[in-house]
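Colleague: Sequence:
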Amino acid sequence: MGAGVSAAQTRLRDIAATRKEGRLPAFSEHDRPLLERLHQLVFGDAQCNAAVEQALRRAAGRFSEPQFSKAYSSVAVPVELFDSKLPGQLRGEVRLCRAFSIKAGQRAPHEEIHRNSIQRLVSYRGSGIVNCAKPGGIDRAYEPRRIVSPDSDEGKEISSCWDVVPENTWHFPQATGPQQWLGVAFHSAAADEIEDEYIAWTG
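Under the numbering used here, the residue at position 198 of the sequence shown is numbered 198, and the numbers go up by one with no gaps.
Hints are not guaranteed to be accurate.
[As the list claims (entries may be wrong)] DSSO-like mimics (lysine-lysine), calculated; alpha carbons at most 27 Å apart, straight line: (1) K156 - K85; (2) K103 - K70; (3) K85 - K134.
Just so you know, the hints here were simulated from the structure itself, not pulled from any lab data.
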């Protein structure tokens, strides 16, 4: 990295260089070391995987509750399980973890934005689309990107399974395929710090 160039400036340069048709790529090379390690923990570490599976069962189980009418459900996963197993240089990069489930063919009940948090999302089971606008917190013209789970024929490459939404960027997920979409989202802001905003769909 050249003198006087911050990590944030480098990331913005990477984003600008790799943007296609207004949509961010799955992730830039800046993200790869962290995502590769998180991928291993989510799918290959017994303790982390058990916590994810438990949270996903709880999230999906809400759909059978009589008073729960939404097509989307999420449950927090103890983020310290992941942070404690990251190498020193990556420690503190993820401070919140949420497991989610979306009914087949449905989308989240709202558009959403995390004003101060980067979202790194992996498809765990099934497949889905992350619809993402341009960063900056104003634009809401969405470009879709489909991601799949590692157990699918298309999921052999990590870039097919992960999507990164920069902070202050409107987005929303939707499920594709014949089954519920299960996923895990990691955030750079902690639960008591993250600034989430939502706009419910109308009509």
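Colleague: Going through the numbered hints above, which ones does this structure break? Give me the numbers in ascending order.
Modeller: 3
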